[in-house]
Amino acid sequence: MKPYFLFTILFALAACQDESGPAEEQVAPQDVPDVTVIHSPNGLGDRGYNDNLYKGIRECKNEYGFRLETHSPLSMDEAEQLMTDWMNDSVSDGKRLLILGSSDFEPMLRAHAGLIPDKARGEVLLLESRATDLPAYTFYLPIYGACYQAGSAAVLLPNSFISAVVCANPLEGPVADGRRGFEAGFKDNGGMLLDTYYLSDDDRGYAMADSLYRLCYALEQNYGFVFPIAGGSSQGLLRFTREYPRTFYTAGMDVDQSDYSSRVTLSVVKHIDRAVYNFLAQWACGQTPPAHQRLGLSSGLVEVVIAPSYEQFFNGYVETTLETAIQKEDAYEDTL
Amino acid sequence: MKTRYNPTLLLIAVLLLLGACSEETALPEIGTETTEYHVAVVLPLDDDNRARWERTAQWALENIESAQKDMGRQVRLTLEWHDENESDMSRLGQELATRDDVCAIVGPYSSSHAQEMAYQCAKTYKTLIVPTASSAELVRAFSSRRFLWALTETDISQCEVLLAKAVSYQARRVALLAPSDIYGQTFSDWFAFQAQELGLETDDILTYTAGNRDDCIEQIMTGNADYAICVPSGMEDVQAMLESNQRHSGNCPRLLFSDVAFNPQLLNLGVMAQNAEGVAMYAAPESGFEIAYGLRFGETPTGNETQFYDALMLCAFAAADCMQRQNEDMNDALARIVDNSHPRLITWDEEGMEREFTGIASGNYYNIYGAGGELDFDKTVYTNVLQSTYCNWVVNEGKFVIQDFCTSDGSRRSDASLAGWNWKAQMEQEFNDTPSGMEYAALGGHWALLVAASEGWTNYRHQADVLDMYQILKNHGYDDRHIILIMADDLAYNTYNPTAGEVRVSPDGPNLYHDISIDYKLGDLKPEDITAILNGERSERLPEVIEGSPGDNVLVFWSGHGLSGEFVFGNLPEGFTNELMGTTLRQLSQERKYRKMLWLIETCYSSSVAKAAIGVPGVLCIAAADEKETSKADVYSTELNVWMSNRFTSTLTEAIREEPQISFRDLYYRLVRNTIGSHVRVFNEDLFDNLYQTGLGEFVTVAPQAGKD
Chain G
1 MKPYFLFTIL FALAACQDES GPAEEQVAPQ DVPDVTVIHS PNGLGDRGYN DNLYKGIREC
61 KNEYGFRLET HSPLSMDEAE QLMTDWMNDS VSDGKRLLIL GSSDFEPMLR AHAGLIPDKA
121 RGEVLLLESR ATDLPAYTFY LPIYGACYQA GSAAVLLPNS FISAVVCANP LEGPVADGRR
181 GFEAGFKDNG GMLLDTYYLS DDDRGYAMAD SLYRLCYALE QNYGFVFPIA GGSSQGLLRF
241 TREYPRTFYT AGMDVDQSDY SSRVTLSVVK HIDRAVYNFL AQWACGQTPP AHQRLGLSSG
301 LVEVVIAPSY EQFFNGYVET TLETAIQKED AYEDTL
Chain L
1 MKTRYNPTLL LIAVLLLLGA CSEETALPEI GTETTEYHVA VVLPLDDDNR ARWERTAQWA
61 LENIESAQKD MGRQVRLTLE WHDENESDMS RLGQELATRD DVCAIVGPYS SSHAQEMAYQ
121 CAKTYKTLIV PTASSAELVR AFSSRRFLWA LTETDISQCE VLLAKAVSYQ ARRVALLAPS
181 DIYGQTFSDW FAFQAQELGL ETDDILTYTA GNRDDCIEQI MTGNADYAIC VPSGMEDVQA
241 MLESNQRHSG NCPRLLFSDV AFNPQLLNLG VMAQNAEGVA MYAAPESGFE IAYGLRFGET
301 PTGNETQFYD ALMLCAFAAA DCMQRQNEDM NDALARIVDN SHPRLITWDE EGMEREFTGI
361 ASGNYYNIYG AGGELDFDKT VYTNVLQSTY CNWVVNEGKF VIQDFCTSDG SRRSDASLAG
421 WNWKAQMEQE FNDTPSGMEY AALGGHWALL VAASEGWTNY RHQADVLDMY QILKNHGYDD
481 RHIILIMADD LAYNTYNPTA GEVRVSPDGP NLYHDISIDY KLGDLKPEDI TAILNGERSE
541 RLPEVIEGSP GDNVLVFWSG HGLSGEFVFG NLPEGFTNEL MGTTLRQLSQ ERKYRKMLWL
601 IETCYSSSVA KAAIGVPGVL CIAAADEKET SKADVYSTEL NVWMSNRFTS TLTEAIREEP
661 QISFRDLYYR LVRNTIGSHV RVFNEDLFDN LYQTGLGEFV TVAPQAGKD
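Quick note, the sequences are listed as chains G and L, same order. Heads up: the first sequence at position 22 corresponds to 22 in our numbering, and the numbers run straight through without jumps. Heads up: the second sequence at position 659 corresponds to 659 in our numbering, and the numbers run straight through without jumps.
Hints are computed from structural coordinates only; laboratory data are not their basis. The beta-carbon is built from N, C-alpha and C at its ideal position, and this holds for glycine as well. There could be a bad hint or two in this list.
Facing chain G, a subset of chain L residues (Cβ under 7 Å, in silico) [said to hold, decoys possible]: (1) A164; (2) S168; (3) Y169; (4) L269; (5) V271; (6) E286; (7) G288; (8) L295; (9) G298; (10) E299; (11) Q403; (12) D519.
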């Protein structure tokens, strides 16, 4: 065969590959990877972290064409069953990834670490975990720094020198990190009194919008600013502030929630969609993503977004406090 | 020999190779067997919406195809589109319902169009999946035959969700503005009942036509309500409502719109639409559909695209089931598909569909969870989903913002006989179990006045119910002389009646039109004649009257239409009013024309007339509905195309048959619990008797020796 003709055929075949996905390390059709996601119990539909996570995964699926199975279990027991079923699946072959969508799954994963298959038969990604000793990928988006900025900014609002933080639960993890960050920023900048409320002792606190809505009647009496770190429960607070638009100021969490209420002054945004997209893009292409990552304020994947109607009020405050907040976050992480 | 390569030929070769590549991926696998199923889609295909429906369909079809790519036997849906606004719905329905090549119809969008389509599909059991039509009348009418599949809860739920939203905004007085069509009817039927249940005061309920729409809007805007629930029949209505609201800005009710306003056309209204708010059926947030939709199309789904997507998905699953079983009954297949006893699976996406298709092939169905949420149907009637997700939308800066989600209630509705509208009535009346202090003469005789106060085929149920009561009384010892029967008598030999000479209250019930003695045709009387008949004022024109005495119990059963403050009397401009009833009862009391008198009233707003009994000794009134409530029809016949009975009356007659001596107190509780959609009310019990100790037997059962011959 003449080289000119061979070149022509190769060019045409390459073009075929281009059509169905990125050329680099393209996965052959018969090796379409499987991705299984287990969201936090009652997580999907929270219009916050879980929805954003789902968005990033689906966006990557649309681009890279892997198979995607999504589970939003109703309880940790159901989640555990789903996880062990995946680990015990001896039928599926090929490239598989299990994404556990929250650090709440870490104890469960540790308990069944022995079941995690070898890399050839499946890999695990645990989100929002600092763990480095598990046979799983981990990455987390710390919010200490961004919450520090939020706490600093909150003090500037009228009547906000007495404020409250509402947490999903008192467990160690992102919620506790956020609470500490907010508290430090609030107090460093002249805040007088900060009370903390917990909705639950466990993961149910992420899905108690009704309880938080009712709690708001009491919060309104005493606080000028209420900072929610409560996952989907925050919808109850947002609804309350819509219905009582002259009530306390508040903040969005995980995604920009300024559209949901005129009292949302700023949002602590975690771009988990971009973070998980980046990870999956590497994994789907056959590259090896970093085993453990911290993607905090300095990475740009976590940030404070000021609501449009409060931009003039804060007037560049977030930008001026960014460097301090990054330093505070680094220092906090060093203590862990 | 040298071979020369022509560049043009080379280019063609490259293009051919490229073409071959792409064609190869499109070709089915060797050995794949594909069966096509043809679906008729009937939706409004105006310029603003057509592209949305088509792109949603395209997405669903892509996923359906992709989900089966590894299966040896596949189904493929082919669609034919009809614009419901450009079609004669009855003719189209007739055509589609009888075409063998159409396995199912998806649509129409509007409830009135869906009703016309359903009439035709009922004749052939053609599968009709209505993604959006949500009128309760539609669902109730056709629930007895398994061909209609409604993918949203009825508007009973939407009305409740809207009122609950008003409650959450601290509303105290609410008003309703709804069109006088089948869509608006559900809202106007249920509004007052639900408002009362939620502790809201009803300011006004206005139903409008094209002719008086603007007047009604003006009336609402200048009324005393805090919130007005606006139920537009189209976007022109929305615009008129918003314009009026803007004119009265600051001094008029806040508006909450129903689902029709959740339409991209609303955004075209610009500043006027800013802050417009309402509720609409939407994607279940847990399904992830909204996010995937946003990624694909760059905006949020509106206009019930979610339910449309689910409708096509259901068609594909049912088609696969038919193919596997070599059975062409789509309705049976759908019943298997939506059976909820299997593990739950999110099935709207490609992977979920793949698992369901695989499950169907092996007979292991999943509990499917579509874009709109769990597709859970009542297992007996399989007519509409038992749970819908409603979003609370608001327009902000030219886009829809979904603020939160609501469902009609926290509990599942699973009562088969009441599918989709299983209300537990609250706010029951309490009665004293102490002697009333009333003293009565010994019971002498019994008289009954039975009035069917409407005429015409469409009002079948009123005359049928009266005939049923007539036969019950006859069976309990009454003779014709002691029953004054008033009815139009235009049913038995009506041209619409397929079984001439017969009238029933249920499809399988006995013929009631036999051995009857009709005393007066409705059209020969006027409301004042009722007074004369009850008062025994015999005349040439009124030869049959009640000859009541202080020892006689008199039963009045009235079935017909009602307005606020009157019972409609045939086609006369004025009916039997509250004032006339008050005058009549006081006159009868003064002239001692009865011992005890019981009125059982089946009309809308019946309490507004029945309350005239208050203060008249010995009279008890039991009304089917509160002052601002409609009463509800019951038992629809798809054969006759009419309602055959009413809810209050069917419960009443059932109680008489099962327990003729039932106490009034027990009768009341039975009526309250089974009369869904209106509040049964008892009037004047304090001047009647102890309701625990006395009962229907005093009026219904005639001891042989007590009858007058």
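- Item | Per-residue hint verdict: L/G288, partner chain G, C-beta under 7 Å | 5 Å, holds
- Per-residue hint verdict: L/D519, partner chain G, C-beta under 7 Å: At about 59 Å, which exceeds the 7 Å cut-off, the nearest Cβ of chain G leaves the hint on L/D519 violated.
- Task: With a cut-off of 7 Å on the beta carbons, see whether L/V271 makes it to chain G.
- Result: Violated, about 17 Å.
- Task: Identify whether the interface hint at L/Q403 stands, where standing means a beta carbon of chain G within less than 7 Å of its own.
- Result: 6 Å, holds
- Query: Would the stated hint for L/L295 survive a check requiring a Cβ distance to chain G of less than 7 Å?
  - Reply: 6 Å, holds
- Message: The hint names L/A164 as touching chain G; please verify it with the least Cβ-Cβ distance against 7 Å.
- Response: This interface hint is violated because 12 Å lies over the 7 Å limit.
- Query: Any CB of chain G closer than 7 Å to the CB of L/S168?
  - Reply: This interface hint holds because 6 Å falls under the 7 Å limit.
- Under 7 Å, Cβ to Cβ, is where L/E286 needs to be relative to chain G, so tell me if that hint holds or is violated. 4 Å, holds
- Message: Quick check on L/Y169 please, does its C-beta sit within 7 Å of some C-beta on chain G?
- Response: Since the shortest Cβ distance to chain G is 6 Å, the answer is holds.
- Message: Is the interface hint satisfied for L/L269? The criterion is a beta-carbon contact with chain G at less than 7 Å.
- Response: Result: violated, 19 Å to nearest chain G Cβ.
- Do the numbers back the hint for L/E299, that is, is its least Cβ distance to chain G under 7 Å? Result: violated, 14 Å to nearest chain G Cβ.
- Interface restraint verdict for L/G298 against chain G (beta-carbon cut-off 7 Å): 12 Å, violated
Violated hints, in rising order: 1, 4, 5, 9, 10, 12; the structure is consistent with all others.
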